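Asks: Protein sequences appear in the order of chains R and H. So the first sequence is numbered by the numbering used here: it starts at 127 and just counts up by one. So the second sequence is numbered by the numbering used here: it starts at 4 and just counts up by one.
Hints were generated in silico from the structure; no laboratory data involved. Remember, predicted model here, so these are calculated numbers, not experimental data. Backbone N, C-alpha and C define an ideal beta-carbon position, used for all residues, glycine too. Please note that a few of the clues may not be correct.
[To be verified] Pair by pair, the computed Cβ-Cβ distance ranges are:
id : chain 1 : residue 1 : chain 2 : residue 2 : range
1  : H       : E60       : R       : A232      : 50 to 60 Å
2  : R       : T298      : H       : G99       : 47 to 57 Å
3  : R       : G303      : H       : S259      : 48 to 58 Å
4  : R       : A266      : H       : Q143      : 50 to 60 Å
5  : H       : F59       : R       : G317      : 47 to 57 Å
6  : H       : R73       : R       : G317      : 22 to 32 Å
7  : R       : R185      : H       : W201      : 48 to 58 Å
8  : H       : G148      : R       : I175      : 32 to 42 Å
9  : H       : F284      : R       : P318      : 54 to 64 Å
10 : R       : V379      : H       : V205      : 37 to 47 Å
[As the list claims (entries may be wrong)] Quick look at which bits of chain R chain H covers, simulated, 3 or more residues with Cβ under 8 Å:
id : segment
11 : 136-145
12 : 151-164
13 : 169-178
14 : 194-206
15 : 251-262
16 : 335-341
17 : 368-377
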Amino acid sequence: MRRRWSLGPVLGTLAIVVGAFVMLVPFAWMLSTSLKPGSALLVLPPRFIPDEPTLEPYRAVVTTFPMLRVFFNSALVALATTAGQLVVASLSGYAFARFRFRGREALFYGYLATLMVPFAVTITPLFIIVRTFGWTNGYAGLIVPTMFTAFGTFLMRQFFQTIPRELEEAATLDGAGTLATFVRVIVPITGPAFATLGIFAFMASWNNFLWPLLIVSDRQFMTLPLALATLQGIYPGQTQWNLVMAGTVISVVPMIVVFLLAQRWVIEGMTTSGLKG
Amino acid sequence: MYERGARRWLVLALFLGPSLIGVVLFVAGPIVASLLLAFTSWDLLTPPTFVGVRNFERLSRDLEFWAALRHTVTFLAGYVPLVLVTGLAVAVALNGRVPARGAFRAVFFLPVVTSWVAVALVWKWLLNPQFGLVNAWLAQLGVQGPAWLFDPSWAMPSVILTSVWKDTGFVMVILLAGLQAIPREYYEASGIDGATRWQQLVHVTVPLLAPAIFFALTISLINSFQVFDQVYVMTGGGPAGATTVLVERIVKQAFSFSRMGYAAAMSWVLFVLIFVTTFAFSRLQRRWT
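Extracted from the complex, chain H is given alone in its bound form (with noise of 0.2 Å):
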């Protein structure tokens, strides 16, 4: 930047002004207001009225709130260590010496470009209870599937599944950039001291790995606490209940009722959580790593 005075002012503003009106206008003005929409009672009618903490008392008290933060953190408990598990074992797999590695790479991350709508609707369909192939393929086994999303205790594995499904590649990703970094001495050393592959994996791999896996247990951590399009489009909170989550909550308290003030306070308690979850974990790979 090499103008001086106020030419200086515009070329500042020519960069710098579309992007600061933007964030404030929509990204950091919103962030503020739903702070103060917190501590307020607002039905859009009637002006908003100040009714200090009285949301974040009546939250406690919330029995909806709770089964909805119950489910999303069972949500979280099923998925986070599974896709983890699945990511992790696809991309070793990947990183070896497979024939056409590249075509096999893409096809795992394939549902990580689809929308989530069409994932939710396809597996919906796939485990349609009468005519859906997953229960026609168990039935081929001999074995009578269940009623998958329209059984209160399989709904939330059915959602947990479909969700390790899609973002299996996307761990898998995060996990081939880390295991690339890792040097090929390592192995061949190990190798001629005698160790076998699992001893490799659990003693070279995993722990060199650290890193990126710390990486993606954030990520899915933070993306598992917001689950929202996977439920509304698969069971939209059913049945009976079974599969309500905070951000459906949210959602439903904010443009369902037009409870502003109340969803902006459970909105804050979601923020707490994942603030608090990821300072955590945080944390503890400082202590591992």
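Chain R on its own, in the form it takes in the complex (with noise of 0.2 Å):
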């Protein structure tokens, strides 16, 4: 019995070490490659520790793909998809859940309804609305498509019935309209839903690679995982594995360093949300 209570604990703590170092090895595994000279790529058996680290596949991969570029193209669309996500989600969620309007209820379920809908429904209409614009190959249609989600609205509308009406009742009194009553008296309080849905919206975006893939040929207004999917088959011959993860890494770290930052809202947001970016 008391065997018993005593091995499991330990088998556990056991089990989880052997996980958390299949979850690391990839990672260490794409950092050690990227500071790898191409030569040392095709020793056997390979080296995890480069026996000469070298910073020239980052040198390589950021001369011959306009990776920097790339780079600003992502953290670009990613803040201005998130700024328009908060604004919007939260104008519309606070209609939603304190205006009184004829249909609200039968709107808010048509909203909800698209949710089931999956994406790969909708990308031959939205390409060719896209292309009609002349959005193709830029950065409105990478940004404005994807502001528009009902589940930002309905986060929003979550949140905003749980304040209790007094707050802007007061702010009546004084006489202010609805929007300054918002603006003043409810956005200061909102900052854990917005910090939610920020982060949602922003990996989702840093990391979404069927739409730019759909949009977007030119490479100059590639973001990262397409121009990782990209670069990896440019090289003559063979997939220049050294420049590929040195890519790679390029694009995993800021996205690393937010979820260090902000693991609580990160978390909070898949849990109740059921979606991973």
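Could you fit the two chains together into a complex? Lean on the hints.
Replies: See below:
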């Protein structure tokens, strides 16, 4: 009896250590490969610690591909999408939570219904709309269509419904209009909801692959995932894995930093929504 | 909302307008358009023509579509149970008293915040038959590793394992939230009654965790029907078409062959599959919990 009780946690901890090792090895291998000269890639058996670590792959990937521009694109698109989503979703979430108007419930259920439809269903018409606007191979096409999600509106509405109405009523007695009340009274206390939705939107945008793949072919407008996928195929003969891994490290580090700084909001967003970005 | 008359409409338009216009133009509109498109033939060059259910008829005879459907189901059948088991195991282990628990949780969560393209690339390199780390380590154990992504019978298992690696942390956080809601007293009481840890897991944890498990299950199912990024980057549907999946077919039909109507029809089949499966599982959940 006693033995069984004490063996369990030890085995559990051991399993967790092994599991964590399996989780970390690919990241370590990514970093290790990105620091190797091309010749070291073909050494058998492969060395985990590079014999002669070099930053050459980083220099090479930045010069043979517009990686810095791509990095800037990813940052711009993710930040703009996030800002847009926060504004659009908080305004509409507030309307659904507080305003009384005809057809509100029906409209809200309409919003929810769109969440059930997979993105693959909309890609053909969406592509045609974006092409009609002349937004392919440009920032507008990457940013604008991704700013509007029923999920964001839903999340903000849920949050606003938890705020007691007395807060706004006090402001209205002072003669403030709805917009002024929203900006001065509501927005300052919406921090947690903004953080959850913001992190989520940023991550989804930073990691998005399918949409940029469909509308961008010009390297100048690629975002990181699309650039990486392109990078693996552009070298004649064989994929230069040290360059590809250098690019991968460049793309992964910012997201890991964001995650470590904002762990709580990332996890909160995912557990409530079930979405992964 | 305290404004009256015309001002009232102005305020409503200000708050709801941006979202409504955007959702109609970029979400709801495309959904409706896609449904209409599914009954047309359209190559983007000439105007679309109405063809009734011909796209769906053709789908039923399209061997590539059936292969993609079969591969998608294979992926789902391998990925969903595996990721639930690993996610549950990690969640249970990290819910107990483990040193540096927070750090371990963060480690298991790292792949979740990493983009699919980055994950797919690093695994493609790890699984390289000649120079990859996996086969090198297997060789040290005296095992001749397979060609992984280059072997038609190993390609899908490779994609499945990579996906399980990436999403274990995701299932973990959902289940951890559920585990933390289970009152400690249940474990104390069953412990006093002489239940072993395994018995506690089977008779206390899993039943009480059922809603969270179903949530994770449903999400995993919905996601795995839409598997795309990892397949596109790791195999491109190959080798010899062994890993073609539905979304990859839809993208290819629409954007490589310019068969917009046909692709739309296929996407609605995907929708129905997801809808029916999710519905069936929610029914199952109601009976169980």
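Asks: Verify the CB-CB distance for A266(R) and Q143(H) against the hinted window 50 to 60 Å.
Replies: Holds - the Cβ-Cβ distance for A266(R) and Q143(H), about 52 Å, lies within 50 to 60 Å.
Asks: Holds or violated: the 37 to 47 Å window for the beta-carbon distance between V379(R) and V205(H)?
Replies: 42 Å, holds
Asks: Verify the CB-CB distance for R185(R) and W201(H) against the hinted window 48 to 58 Å.
Replies: 55 Å, holds
Asks: Against chain H, does the segment 169-178 of chain R show at least 3 residues with beta-carbon separation below 8 Å?
Replies: With 4 residues in contact (Cβ-Cβ under 8 Å with chain H), the coverage given for the segment 169-178 of chain R holds.
Asks: Taking the CB of R73(H) and the CB of G317(R), does the distance hold inside 22 to 32 Å?
Replies: 48 Å Cβ-Cβ, so the 22 to 32 Å window is violated.
Asks: Cβ-Cβ distance between F59(H) and G317(R): within 47 to 57 Å?
Replies: 49 Å, holds
Asks: Has the hinted range 50 to 60 Å been met by the Cβ atoms of E60(H) and A232(R)?
Replies: Since E60(H) and A232(R) have Cβ atoms about 35 Å apart, the given range 50 to 60 Å is violated.
Asks: Honestly, do G303(R) and S259(H) meet the 48 to 58 Å range at C-beta?
Replies: 53 Å, holds
Asks: With a Cβ-Cβ cutoff of 8 Å, does the segment 251-262 of chain R contain at least three residues near chain H?
Replies: holds (count 5)
Asks: Taking 32 to 42 Å as the hint, is the beta-carbon distance of G148(H) and I175(R) inside that range?
Replies: 22 Å, violated
Asks: Taking 54 to 64 Å as the hint, is the beta-carbon distance of F284(H) and P318(R) inside that range?
Replies: Between F284(H) and P318(R), where Cβ atoms are some 31 Å apart, the hint is violated.
Asks: Please count how many residues of the segment 151-164 of chain R have a CB within 8 Å of a CB from chain H and say whether that reaches 3.
Replies: holds (count 6)
In this structure, the earlier hints numbered 1, 6, 8, 9, 14 are contradicted, and the remaining ones agree with it.
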